[in-house]
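Participant: These are the residues of each chain, in order.
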Amino acid sequence: MKCDICNKPAVVHEVTVKNGVTKEIHLCKEHAEEAGVAMPTHQPINQLLTQFVMSQGGQSSESSRKSCPGCGTTFSQFRQTGTLGCPECYDAFEEQLAPLIERAQNGATHHRGKVPKRAGDSLDRTVIIRQLTKELDQAVTAEQYERAAELRDRLRHIDETPASPQITKQAKRKAKRPPKKD
Amino acid sequence: MEFASKGSWLSEGGPEADVVMSCRVRAARNLVGFPFVARASDAERHELVHIAKQVVLDSELGQEMIWVDLAKATSRDRQLLVERHLISRHLAEADMPRAVAVSEDETLSIMINEEDHLRMQLIAPGFRLAELVEQIEKVDETLEQKTDFAFSSRWGYLTACPTNVGTGIRLSVMMHLPALKLTNEIERVRRAAKDLHLAVRGYYGEGSESAGDFYQISNQVTLGQSESELLEEFVQVVLPRVIDYEHQSRKILVERNTNLLDDRVHRALAVLRSARLLGAEEAMKHLSRVRLGIHLRRLQDVQLDVINRLLLQIQPGHLQLHIGADLSPDRLREARANVVRKALR
Ligand SMILES: [Zn+2]
Ligand SMILES: [Zn+2]
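From first to last, the protein sequence lines stand for chains A and B.
Each residue of the first sequence is one higher than the one before, starting from 110 at the first, in the working numbering.
Each residue of the second sequence is one higher than the one before, starting from 6 at the first, in the working numbering.
Everything labelled a hint here was simulated from the structure, so no lab data went into it.
Misleading hints may appear alongside valid ones.
Stated by the list, open to error - Residues of chain A placed beyond 10 Å of chain B at every Cβ, according to the derived structure:
{"hint": "1", "residue": "Arg174"}
{"hint": "2", "residue": "Lys175"}
{"hint": "3", "residue": "Glu204"}
{"hint": "4", "residue": "Leu241"}
{"hint": "5", "residue": "Ala258"}
To be verified - Here are the simulated DSSO-like cross-link-like pairs (lysine-lysine), alpha carbons at most 27 Å apart as the crow flies:
{"hint": "6", "chain 1": "B", "residue 1": "Lys199", "chain 2": "A", "residue 2": "Lys138"}
{"hint": "7", "chain 1": "A", "residue 1": "Lys226", "chain 2": "A", "residue 2": "Lys175"}
{"hint": "8", "chain 1": "B", "residue 1": "Lys290", "chain 2": "A", "residue 2": "Lys138"}
{"hint": "9", "chain 1": "B", "residue 1": "Lys199", "chain 2": "A", "residue 2": "Lys226"}
Stated by the list, open to error - Which stretches of chain B does chain A cover? Using the computed rule of at least three CB atoms under 8 Å from a CB of chain A, they are:
{"hint": "10", "stretch": "39-49"}
{"hint": "11", "stretch": "150-157"}
{"hint": "12", "stretch": "165-172"}
Predicted model only: the values in this text are computed from it and were never measured.
All residues carry an ideal CB built from backbone N, CA and C; glycine is no exception.
I would like the entire structure built from these sequences, with the hints used as guidance.
Facilitator: Right under this line is the structure:
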């Protein structure tokens with residue numbers, strides 16, 4: 110796709126509906142800036158992703174097949190969309206994400222802002238629930254029913270600990286949710 | 006949905022209002038235990054709307070919040086919410102279960118199932134970023150009492166796109182920079198913004214054109230800097246610099262280009278007072294120049310609040326609300342010219 114104004118390749122593609130009339134805009138970087146058309150939100154990360162894929166060469170195929178245990182998203186899917194599948198993706202792809210985030214975030218590597226008031230216990234609980242759920246799945250797959258029953262009890266116990274009913278609901282949901290397959 | 010055609014806060018002034026139209030603070034949050042919106046099933050998205058509704062309405066904020074189910078709202082109402090900067094165009098046009106909670110004074114909105122599960126936003130006229138940052142913290146803490154947000158000690162608040170991770174906080178300032186535009190100095194702002202890792206966008210944010218010399222400046226970096234450091238950078242460095250550029254350009258116009266300035270502002274007012282058909286962009290452009298003329302005391306018989314209100318009233322959704330019907334593009338242009346002529350008579 111070429112720029113509407115010159116012959117350079119267009120990097121900004123926009124379909125706007127104005128007063129019921131659909132208008133398509135394709136602009137190169139220079140003309141987009143000149144027209145004041147903002148780059149799409151995910152442009153920077155997508156650009157970084159492309160650079161990343163190119164620099165990785167052949168070895169990227171193996172790591173891009175790896176999928177997130179929480180939602181089943183693969184790294185190559187993230188590369189296509191620029192968005193992750195679930196919060197656990199940050200753990201699953203930490204190694205590949207870290208350099209990308211660092212570049213997208215002007216060199217920053219760690220959060221320095223506010224921490225949720227209850228972060229301490231909610232984080233622990235999330236981690237424990239995740240671990241127990243994983244073990245429970247394994248036990249069920251291996252047909253170790255006694256072990257599975259014991260794990261279920263422990264999960265139930267954790268569910269009862271949180272302070273707010275809303276959290277209980279979310280935590281239970283988490284424990285019950287089967288991993289998504291593609 | 007009750008949307009009076011009363012001017013919302015947008016018609017008010019506020020500190021540094023000659024250059025700073027409005028400030029906005031947005032925080033992106035996701036609920037623990039769910040995939041991000043794009044990855045969630047429709048059932049999960051429904052559940053997210055349901056949970057968010059409980060969380061918001063049961064919280065201390067609940068009393069003053071109006072809940073709008075966007076999947077059921079008419080496209081005209083959604084357009085109105087976009088024009089009032091209460092929801093994003095992305096959320097208005099999405100095809101999935103989604104909602105927004107709006108405070109009665111229209112300063113706080115909480116979008117559900119935008120790119121992230123929750124996007125809470127505060128907006129106010131003039132240069133009031135510090136107040137807004139303080140308020141958004143309170144909103145965040147209030148909601149946090151009712152739910153768990155996805156957070157990691159390394160990455161901070163976890164968001165669907167890694168460009169928002171960390172604080173999840175986006176500060177945006179809508180600036181009116183007509184003199185920089187007239188003197189072709191707007192590139193200076195763009196370059197300065199780029200050096201500071203800021204994004205410069207149009208009137209409606211992402212993917213919109215900068216109609217009428219209104220520019221939205223926002224931070225691009227959300228990681229590695231605390232909320233107060235980010236705020237300080239905006240309040241101490243970024244905004245004063247841009248405000249100063251614009252003031253310098255205005256001074257040059259008044260001192261050295263009086264004729265050009267007077268021609269532009271009087272011509273703009275004449276068009277607005279006599280046009281029978283007005284396109285949105287054309288109207289924005291002329292209103293912008295009249296606004297400049299008022300601030301530089303080149304125009305005496307026009308009130309600033311009238312212009313500020315018109316900037317909102319000329320938008321398609323507001324015109325349709327005013328007329329009470331969906332309008333074709335031609336009828337919109339006619340209605341817009343009528344509204345403007347009447348207000349400036
Ligand atoms: Zn071009
Ligand atoms: Zn995931």
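Participant: All hints are to be evaluated individually against the structure, with a verdict given for each.
Facilitator: Against the structure, the hints:
Every C-beta of chain B lies more than 10 Å from that of Arg174 (chain A), the closest at about 18 Å, which supports listing it as non-interface. The claim that Lys175 (chain A) is not at the interface with chain B holds, since no C-beta of that chain comes within 10 Å of its own (minimum 16 Å). The claim that Glu204 (chain A) is not at the interface with chain B holds, since no C-beta of that chain comes within 10 Å of its own (minimum 12 Å). Annotated as non-interface, Leu241 (chain A) keeps its C-beta farther than 10 Å from every C-beta of chain B; the closest such distance is 14 Å.
Non-interface call for Ala258 (chain A) relative to chain B: holds, since the shortest CB-CB distance, roughly 23 Å, exceeds 10 Å. Restraint check for Lys199 (chain B) and Lys138 (chain A): the C-alpha separation of about 14 Å stays at or below 27 Å, so the hint holds. Proximity of Lys226 (chain A) to Lys175 (chain A) is assessed by CA-CA distance (about 34 Å); at most 27 Å being required, the pair is judged violated. Annotation: proposed proximity of Lys290 (chain B) to Lys138 (chain A) holds, straight-line Cα distance about 24 Å (limit 27 Å).
At roughly 34 Å between alpha-carbon atoms, Lys199 (chain B) and Lys226 (chain A) are farther apart than 27 Å, so this suggested pair is violated. Counting residues of the stretch 39-49 of chain B whose C-beta sits closer than 8 Å to any C-beta of chain A gives 5, which meets the bar of three, so the coverage hint holds. With 8 residues bearing a CB less than 8 Å from a CB of chain A, the stretch 150-157 of chain B meets the requirement of three and the coverage assertion stands. Counting residues of the stretch 165-172 of chain B whose CB falls under 8 Å from any CB of chain A gives 7; the rule of at least 3 is met.
Hint violations for this structure: numbers 7, 9, all remaining hints satisfied.
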